[in-house]
Amino acid sequence: DQQVKQNSPSLSVQEGRISILNCDYTNSMFDYFLWYKKYPAEGPTFLISISSIKDKNEDGRFTVFLNKSAKHLSLHIVPSQPGDSAVYFCAASEWGAQKLVFGQGTRLTINP
Amino acid sequence: SQTIHQWPATLVQPVGSPLSLECTVEGTSNPNLYWYRQAAGRGLQLLFYSVGIGQISSEVPQNLSASRPQDRQFILSSKKLLLSDSGFYLCAWRRTVTNEKLFFGSGTQLSVL
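Line by line, the protein sequences are chains A and B.
1 is the number of the first residue of the first sequence in our numbering; add one for each residue after it.
1001 is the number of the first residue of the second sequence in our numbering; add one for each residue after it.
Source of the hints: derived by calculation from the structure; they are not laboratory data.
Accuracy of the hints is not assured; some may be wrong.
Calculated lysine to aspartate or glutamate pairs in the EDC-like style (CA-CA distance at most 20 Å, straight line) [unchecked claim]:
1) B:K1101 with A:D59
2) B:K1101 with A:E94
3) B:K1079 with B:E1026
4) B:K1101 with A:E42
5) A:K56 with A:D24
6) B:K1101 with A:D31
7) A:K5 with A:D55
8) A:K56 with B:E1026
Okay, chain B solo, but in the shape it has when bound (with noise of 0.2 Å):
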């Protein structure tokens, strides 16, 4: 069966400093994999896709980056922190066939303080 790890489940950082969130899929190969935010109060925000390694689609321009160096590995990065980047970050997985439902994980809520 298929499972999705995402980490850390929550995470505390201050203005100004780096991020790196992780989010590995088992048992499945060349899956698409996305992240989403929610923000207080909104919706699931789509934030980045990949259909393969090293193929990523930028859906918002932000302070945010995201980058795909294995099959089943997708990394949300920033070099610097804003507060409007506080949010409950989710990674998400699809396989690559039509009309599919996406498989999240469970979430990292951050904190930019």
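Chain A on its own, in the form it takes in the complex (with noise of 0.2 Å):
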């Protein structure tokens, strides 16, 4: 039972222009989301994350947007620089939980 999913496996974006990625979950009791950035051969690295109580939250190029009624979120990266280049994983978790369930990543990749 997959709660937490990212549908696409790879995304190529033009360097300056806006990558959105996308993830759906189906667990209606998770409250706390997170975005994560991982290099190869790297432990996964914090982005950016967001409450039940917001549907937005901004950490400069990074925005993530939650729309609980849909059960999706998604990050966006303005502008899209070739560092961003990496796997990106959204990952749920409910409130008092001890655990993060994540998704299966998405592969952006930064066409100069």
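Since each chain comes alone in its own frame, lean on the hints to assemble the complex.
If you want it as structure tokens, here you go:
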């Protein structure tokens, strides 16, 4: 049972344009959502998070949007830069739960 | 500041051999500790987590086990490795408060041949 799904295994975007990565979830008890970035042979690093009481959170070039009714979140990167090329994972957690559930990841490639 | 150490970075082991991966966290006390695995082309799968010394929760039945002998030490083990145990293993920690992010180690690439 895949509770967090990233349906696009890969995405290619031109440098300077907007990158939009999508994530869907099925568990309505999830109330905290995160995005991580991962380079090959390295551990994931935290990018940005959002709680269910918000529908948007911004941090520099990164913005996360949450649509609770659709059980959907997205990560926007503007403008996209070559260093953004990596695998992006979304993750979710229930209130008080000890663990994060991750999606399958989306490989983002920024083309010069 | 808190740091997480995971070793070795790469490991090649024959089928049927034992495994021991170690992870330690510095700069914090009583963290939640986690072992994840990323198999080739797949997402991050939670294997084990621990909320305290000697307390282990297993998420997926498998050939692996975990132990937490000290507050900031988490060990992943196997008595006999299988080919399907190959993957990228990640240790992570989190503060024991609600809605906190995970901090990951640098990972161990395990190849079972």
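Evaluated hints:
Note on K1101 of chain B and D59 of chain A: the hinted pairing holds, with a Cα-Cα distance of about 16 Å set against a maximum of 20 Å. Proposed proximity of K1101 of chain B and E94 of chain A is supported: the alpha carbons are some 13 Å apart, at most 20 Å. A C-alpha spacing of about 28 Å is found between K1079 of chain B and E1026 of chain B, which places the hinted pair above 20 Å, so the restraint is violated. Proposed proximity of K1101 of chain B and E42 of chain A is supported: the alpha carbons are some 17 Å apart, at most 20 Å.
Between K56 of chain A and D24 of chain A, the direct Cα distance comes to roughly 16 Å. Compliance with the 20 Å bound is thereby established for this hinted pair. The suggested pairing of K1101 of chain B with D31 of chain A holds, with an alpha-carbon distance near 13 Å, which does not exceed 20 Å. The suggested pairing of K5 of chain A with D55 of chain A holds, with an alpha-carbon distance near 19 Å, which does not exceed 20 Å. Of the pairs offered as hints, the one joining K56 of chain A and E1026 of chain B is violated, with about 33 Å between alpha carbons and a cut-off of 20 Å exceeded.
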